[in-house]
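Trainee: What follows is each chain in one-letter form.
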Amino acid sequence: MSQIFKPSTNTLARVTLFGALFFALVSVWILVSLNRSAYATRQTIVRMQPVPFSHDHHTEAMGISCLYCHTSAEDSAFAGVPPTATCMNCHKLIWNDSPMLEPVRASFRSGEPIQWARVHDLPDFVYFNHSIHIAKGVGCVTCHGRVDKMPLMKQAVSLQMEWCLECHRAPQDFVRPRSEIYNMEWEAEDQAALGAKLVEQYDIQSMMSCSVCHR
Amino acid sequence: MRASPTTALLMLAVALSAGACRQDMHDQPRYEPLEASSFFDNGMSSRPLVEGTVAREMPIEKTAFYTGRTPNDEFVTELPMPLDRELLDRGRTRFNAFCSPCHGQTGDGLGMIVRRGFKQPTSFHDQRLRESPVGYFFHVMSNGFGQMSSYASQVPPQDRWAIAAYISALQLSHNIPVDRLSAEERQQLDDSIVGSAEAHPRAGEE
Numbered sequence: 055m056s057q058i059f060k061p062s063t064n065t066l067a068r069v070t071l072f073g074a075l076f077f078a079l080v081s082v083w084i085l086v087s088l089n090r091s092a093y094a095t096r097q098t099i100v101r102m103q104p105v106p107f108s109h110d111h112h113t114e115a116m117g118i119s120c121l122y123c124h125t126s127a128e129d130s131a132f133a134g135v136p137p138t139a140t141c142m143n144c145h146k147l148i149w150n151d152s153p154m155l156e157p158v159r160a161s162f163r164s165g166e167p168i169q170w171a172r173v174h175d176l177p178d179f180v181y182f183n184h185s186i187h188i189a190k191g192v193g194c195v196t197c198h199g200r201v202d203k204m205p206l207m208k209q210a211v212s213l214q215m216e217w218c219l220e221c222h223r224a225p226q227d228f229v230r231p232r233s234e235i236y237n238m239e240w241e242a243e244d245q246a247a248l249g250a251k252l253v254e255q256y257d258i259q260s261m262m263s264c265s266v267c268h269r
Numbered sequence: 282m283r284a285s286p287t288t289a290l291l292m293l294a295v296a297l298s299a300g301a302c303r304q305d306m307h308d309q310p311r312y313e314p315l316e317a318s319s320f321f322d323n324g325m326s327s328r329p330l331v332e333g334t335v336a337r338e339m340p341i342e343k344t345a346f347y348t349g350r351t352p353n354d355e356f357v358t359e360l361p362m363p364l365d366r367e368l369l370d371r372g373r374t375r376f377n378a379f380c381s382p383c384h385g386q387t388g389d390g391l392g393m394i395v396r397r398g399f400k401q402p403t404s405f406h407d408q409r410l411r412e413s414p415v416g417y418f419f420h421v422m423s424n425g426f427g428q429m430s431s432y433a434s435q436v437p438p439q440d441r442w443a444i445a446a447y448i449s450a451l452q453l454s455h456n457i458p459v460d461r462l463s464a465e466e467r468q469q470l471d472d473s474i475v476g477s478a479e480a481h482p483r484a485g486e487e
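Those protein sequences? They're chains V and B, same order as listed. Just so we're aligned, residue 55 is where the first sequence starts under my numbering, counting upward by one. Just so we're aligned, residue 282 is where the second sequence starts under my numbering, counting upward by one.
Isolated chain V (complex conformation) (with noise of 0.2 angstroms):
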């Protein structure tokens, strides 16, 4: 009676149990890269919006504030999403016969709002507070990126819990002074000395209790 193995079925027995490992470590890898892929945090992904609205050209080229538009990025939980009252403030006599912005002026006439499609939308589990964070010194770019070089709106960062952690853990890397939080291009010096200070200055601390963002 012949031999029912022959001797290259070792090879493949080990062939198979390593290629097993193999492809359950690499299903791990490929789930775990699909999370923090722009696919996943839609990181970097420009949403269509009724209006193609330039944050470069309004900020960049024209020098308006975040603030003339986002009024209670100060004071409040949420920046705020300006009424089409604010766009026609200077819209009522610039581009004021522009195809382009006849959603705008349709808004404005009947009183129905602009719907723009939510670029930055935390879970719902998560209680972000915006003014905290300026009021500690977190500039707008630090979170925002380069809104100013944004001609449509995208997301700049993952928003994913790890990327949370990496200033809550380490605020005096990233906190900047109150006078630049709205400027686009301000950079340390010397951020280890100076976020040290501020650290120190603005009582600012390293908030990694669950509860602080989990309610």
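Estimated spans, in silico, between C-beta atoms of each pair:
(1) V335/B with G117/V: 34 to 40 angstroms
(2) H268/V with E342/B: 41 to 47 angstroms
(3) T351/B with N150/V: 34 to 40 angstroms
Worth flagging that the hints you see were computed from the coordinates, not collected in a lab. Using N, Cα and C, we set each Cβ at its ideal position, and we do this for glycine too.
Starting from the known structure of chain V, arrange chain B on it as the hints suggest.
Mentor: The following block gives chain B in isolation, referenced to the frame of chain V:
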């Protein structure tokens, strides 16, 4: 009863694949600010204010702080709060954010929006505006003037007063009589004139 290994594996696979499907915790049945709603006709979750609504902290009495006017309906000539460095600094940041797009950072009325075609506002250094009482500026910010919209919804009253105070400072900066300068400041002025003459030696000849 113990589950067989096959059943256990199957359950694990189902748990893993179904885990990512439901987003109930991400999108909970509550409204975020300005979120759309399918409940109301116009699709807004935030309801429009009933006409005549008074903000909670706002007194019913029309004090100078909210109107910029005296009981005799004249514009107030004094700020309804102490003028200090903090108020002026606050006024400067608010002025630069809300006013400078049209009025320019120096108040000359040549802001970027004006350069792009908006109606040019009167310079704050114009005789009429230099003689206007501070309550008048508060009134214009609150109610608008000509092509300028009301900024009442964008700038709260305290900040409107801060801006009014800063406008006074801007006006002073452009029209201060030379005898009100200190000796040191006059020296600086002289130096800057000499400095600019050196930088442009032929300017006077052209």
